[in-house]
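S.K.: First residue of the sequence shown? That's 428 in the numbering used here, and the numbers climb one at a time after it.
Hints are computed from structural coordinates only; laboratory data are not their basis.
Treat the hints with care, as some may be off.
[To be verified] Between beta-carbon pairs, the in silico distance windows are: (1) LYS610 to GLU520: 28 to 34 Å; (2) ARG662 to PRO568: 16 to 22 Å; (3) ASN559 to ARG617: 17 to 23 Å.
C-beta: ideal position from N, C-alpha, C; glycine also.
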Amino acid sequence: MKKIFIFFLTLCPCIGYTQPPVGAEFIDSNPFNIIDREISVDYSSLNNLFDAFRNNQNIEANQIFSLFQNRFEGSPFLLQEWKNSSVILKSGEKINYDLLYNVFKNEFWIKKEEGIKLLLFTEDVDHVEFDNKKFVRKTYPLGKDIKEGLLQIITNDKYPLFKLYTCIFLREEAESTGYESKKRDKFQIREQLYYQDKKGHLYSISTKKDDFFKIFGDKSSIVGAYCKINKLKYRKEEDIIKLFHYYSTL
Numbered sequence: 428m429k430k431i432f433i434f435f436l437t438l439c440p441c442i443g444y445t446q447p448p449v450g451a452e453f454i455d456s457n458p459f460n461i462i463d464r465e466i467s468v469d470y471s472s473l474n475n476l477f478d479a480f481r482n483n484q485n486i487e488a489n490q491i492f493s494l495f496q497n498r499f500e501g502s503p504f505l506l507q508e509w510k511n512s513s514v515i516l517k518s519g520e521k522i523n524y525d526l527l528y529n530v531f532k533n534e535f536w537i538k539k540e541e542g543i544k545l546l547l548f549t550e551d552v553d554h555v556e557f558d559n560k561k562f563v564r565k566t567y568p569l570g571k572d573i574k575e576g577l578l579q580i581i582t583n584d585k586y587p588l589f590k591l592y593t594c595i596f597l598r599e600e601a602e603s604t605g606y607e608s609k610k611r612d613k614f615q616i617r618e619q620l621y622y623q624d625k626k627g628h629l630y631s632i633s634t635k636k637d638d639f640f641k642i643f644g645d646k647s648s649i650v651g652a653y654c655k656i657n658k659l660k661y662r663k664e665e666d667i668i669k670l671f672h673y674y675s676t677l
């Protein structure tokens with residue numbers, strides 16, 4: 428019987444910005460070459476694989492996409508291209524880079540002449556502007572755990588909305604008969620919305636109707652009526668934005 432192993436993304440315990448003169452540090456590690464179709468890939472070797480790509484100067488930045496496409500289904504990257512982006516410091520200073528968002532690792536990569544570097548954040552960073560999206564570092568619940576990582580700002584109303592991108596790795600194993608599976612290991616990106624209360628705490632938004640409207644407390648019936656009158660769907664992102672915008676006016 429075919430077995431599928433699911434590995435959830437890891438989040439950087441410390442996320443920060445880059446480059447002198449604002450005090451950033453570039454992380455490097457030893458190259459680890461693993462792109463052979465026959466090599467078994469597991470969670471630990473995936474982490475080494477990403478580090479290898481970043482630090483192997485023989486791999487050009489634009490080669491990464493074809494290398495992953497040849498070996499895996501799906502992609503660990505939010506976009507399949509480098510984007511001219513900006514790191515905005517709290518001082519207002521803007522630093523421009525070509526960035527790539529690795530969802531699996533929850534980190535940004537920088538394309539530089541000397542190779543691919545990891546974008547490290549420090550307390551001086553306010554946010555990152557990437558593909559017309561703003562990313563900030565936040566603490567949020569994920570299952571029973573409390574994580575810290577990158578979230579996209581969706582709205583900035585009284586009750587702001589955020590989006591967390593996660594990526595799971597599905598490993599295809601050979602059938603018990605011994606025949607090799609024709610399917611390839613797969614990356615799959617998922618999205619989860621969060622809202623922030625008045626105290627600054629983040630909570631995940633449920634896709635269950637009853638749980639969803641409980642978010643609005645004593646205003647749940649009012650928001651529910653607004654949702655019904657305007658024929659909005661509580662599972663649709665653009666409609667959730669409208670509901671929270673309305674909730675912020677109450």
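S.K.: Each hint should be assessed against the structure and marked as holding or not.
M.R.: Structure-based check of each hint:
1. In this structure, LYS610 and GLU520 break the distance hint of 28 to 34 Å, their C-beta atoms being roughly 47 Å apart.
2. The beta-carbon spacing between ARG662 and PRO568, approximately 20 Å, falls within the hinted interval of 16 to 22 Å.
3. The beta-carbon spacing between ASN559 and ARG617, approximately 21 Å, falls within the hinted interval of 17 to 23 Å.
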